[in-house]
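Novice: Here's the letter readout for the chains.
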Amino acid sequence: MQIQKQIKSNTYLLKGLIGFLLFLLLWILLTSTGLVKPFFLPSPLSVIDATITLFTEFNLFSDILVSLSRILVGFVFVVAIAVPLGILVGLNKKLSEFLEPIAIFFRYIPPSAFIPLSILWFGVGEIEKIFILFISGAPWMFFLTLDSVRNAKKELIEAGYTLGASRNQIYSKIIFPSSLPGIWDAMRLIISTLWTFLIVAELIAATSGLGHVIIQSQRFLQTANIISIIIIIGIIGLITDYLFKLGYKKFFPWSEKRSL
Amino acid sequence: MIKVTKLTKSFQNGEKINEVIRDISFNIKKGDFVSFVGPSGCGKTTLLKLISGLIDKEKGDILVNDKKVTKASKKIGMVFQDFSLFPWLNVRENISFGLRLKKTSQEKINKIVNHYLEITELKEFAESYPNSLSGGMKQRVAIARTLANNPQLILMDEPFGSLDNFTRSSMQEFLTRLWEKEHKTIIFVTHDIEEALFLSNKIYILSKRPTLIKKEFDVNFKRPRKHSLKKTKEFFDLRNKLTEEFL
Chain A
1 MQIQKQIKSN TYLLKGLIGF LLFLLLWILL TSTGLVKPFF LPSPLSVIDA
51 TITLFTEFNL FSDILVSLSR ILVGFVFVVA IAVPLGILVG LNKKLSEFLE
101 PIAIFFRYIP PSAFIPLSIL WFGVGEIEKI FILFISGAPW MFFLTLDSVR
151 NAKKELIEAG YTLGASRNQI YSKIIFPSSL PGIWDAMRLI ISTLWTFLIV
201 AELIAATSGL GHVIIQSQRF LQTANIISII IIIGIIGLIT DYLFKLGYKK
251 FFPWSEKRSL
Chain B
1 MIKVTKLTKS FQNGEKINEV IRDISFNIKK GDFVSFVGPS GCGKTTLLKL
51 ISGLIDKEKG DILVNDKKVT KASKKIGMVF QDFSLFPWLN VRENISFGLR
101 LKKTSQEKIN KIVNHYLEIT ELKEFAESYP NSLSGGMKQR VAIARTLANN
151 PQLILMDEPF GSLDNFTRSS MQEFLTRLWE KEHKTIIFVT HDIEEALFLS
201 NKIYILSKRP TLIKKEFDVN FKRPRKHSLK KTKEFFDLRN KLTEEFL
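Going down the list, the protein sequences come from chains A and B. The first sequence begins at 1 in this note's numbering and counts up one residue at a time. The second sequence begins at 1 in this note's numbering and counts up one residue at a time.
Covered, in the sense of this in silico footprint (three residues per stretch, anywhere, with C-beta under 8 Å from a C-beta of chain B), are these stretches of chain A:
id	segment
1	146-158
2	162-175
3	246-256
Derived, one-sided and incomplete: chain B residues facing chain A with beta-carbon distance under 10 Å:
id	residue
4	Lys49
5	Lys74
6	Asn149
7	Leu155
No lab work stands behind these hints, which were simulated from the structure alone. For each residue, glycine too, the CB sits at the ideal point set by N, CA and C.
Given these sequences and hints, build the entire structure.
Specialist: Okay, here's the thing in structure tokens:
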């Protein structure tokens with residue numbers, strides 16, 4: 001059993017690597033044959049070159065840190081407000097009648113539509129970015145939390161009642177713990193969407209951050225820089241995802257289903 | 001003593017009213033093991049949920065030790081077909097769930113849990129989560145969890161229905177041994193005639209919807225019962241007699 005699992009995870013890693021290698025191969029083919037002009041798609045080597053210059057001469061590291069900390073602060077706000085609210089509303093029918101319609105309203109508005117308003121309100125500083133991230137993540141986080149809470153298995157609730165649990169104990173000792181893996185998976189999903197909207201916000205108005213570097217590079221026609229940043233965001237994404245996966249295994253070793 | 005009188009329940013389905021349970025009455029002595037056998041789709045689960053108080057009855061009365069059952073409580077324990085273990089709790093925590101809901105001293109909890117870990121042969125798995133247990137083990141945890149609460153009546157809803165044949169018969173022997181030792185009052189529901197015969201002192205045959213008691217049989221095989229009982233002529237004859245009720 002154990003060995004089988006290990007082999008599986010090894011081949012999983014291998015297959016994942018092959019996927020990346022194929023992608024790289026296609027890239028080399030397209031650029032080295034001159035099929036695509038370097039202006040549109042620079043070769044992998046020149047992207048590596050550009051990356052080194054970005055780090056050594058333009059202090060890319062600080063832009064990475066700026067974007068990362070915006071994501072983290074935004075994410076903390078999203079989780080701190082949307083998760084408790086989702087749990088509360090999931091457990092309380094009356095509250096859900098008040099709050100669900102307004103959450104649906106916000107869920108359907110593209111967060112990017114708030115960017116101009118947000119700039120008017122908060123300027124182009126950090127508060128504006130955090131606000132955009134909050135408005136992008138909170139409605140979805142709320143609904144995914146609500147869903148996890150409402151999906152608590154009916155049989156477990158019935159078992160709880162026959163074991164003498166009161167209504168409040170059903171909430172705190174059955175519905176709440178059973179919803180946690182789902183909430184964790186939702187957090188993992190939300191943090192990836194936060195990147196989408198952070199880059200959009202930074203493209204439109206920012207003086208630092210990865211989105212800012214992208215738009216600057218576009219102005220100076222430095223395609224290699226843009227691709228470098230895109231790859232860096234992808235790598236950050238892979239690491240984040242891996243950390244969430246590890247967290248899932250650590251916090252929910254009991255889970256009956258695999259994480260997303 | 002369990003006294004059920006004229007229990008009736010219907011569910012409304014749009015315009016139509018489906019009568020699921022009609023006029024079911026029976027008495028069960030303290031410490032008895034009684035089975036209800038009926039075809040799949042008859043209201044067996046509904047019957048148990050009514051008795052447990054998980055769903056509201058329409059008419060009739062349920063008395064457990066002269067007290068009316070109005071809602072689900074720890075007085076009436078239930079073992080479910082799909083085990084219904086709490087996946088985030090290990091075996092020990094699952095078994096002690098009911099005890100930890102009220103203020104019970106840790107010492108007392110440990111004593112009770114260890115007793116049932118012993119009985120259900122789950123001692124080595126006390127710290128395991130349900131996701132690493134086999135079906136038979138899961139159901140033993142569920143039974144231990146119910147017993148630890150010391151209910152006045154235990155309802156079992158096809159508890160071995162999702163187990164393979166081998167595990168199923170070993171669980172039947174396990175339950176028989178358990179009952180012969182602790183004499184809990186048990187109402188057992190199954191569609192398997194042999195299972196009911198092997199386990200119970202009395203069998204009620206249920207009809208299809210609306211469910212009512214069609215016939216009752218006393219089962220007087222001597223105890224302790226062993227698996228070999230199923231190969232005896234008496235067992236065979238009684239089984240045939242019961243099977244005829246379904247034809």
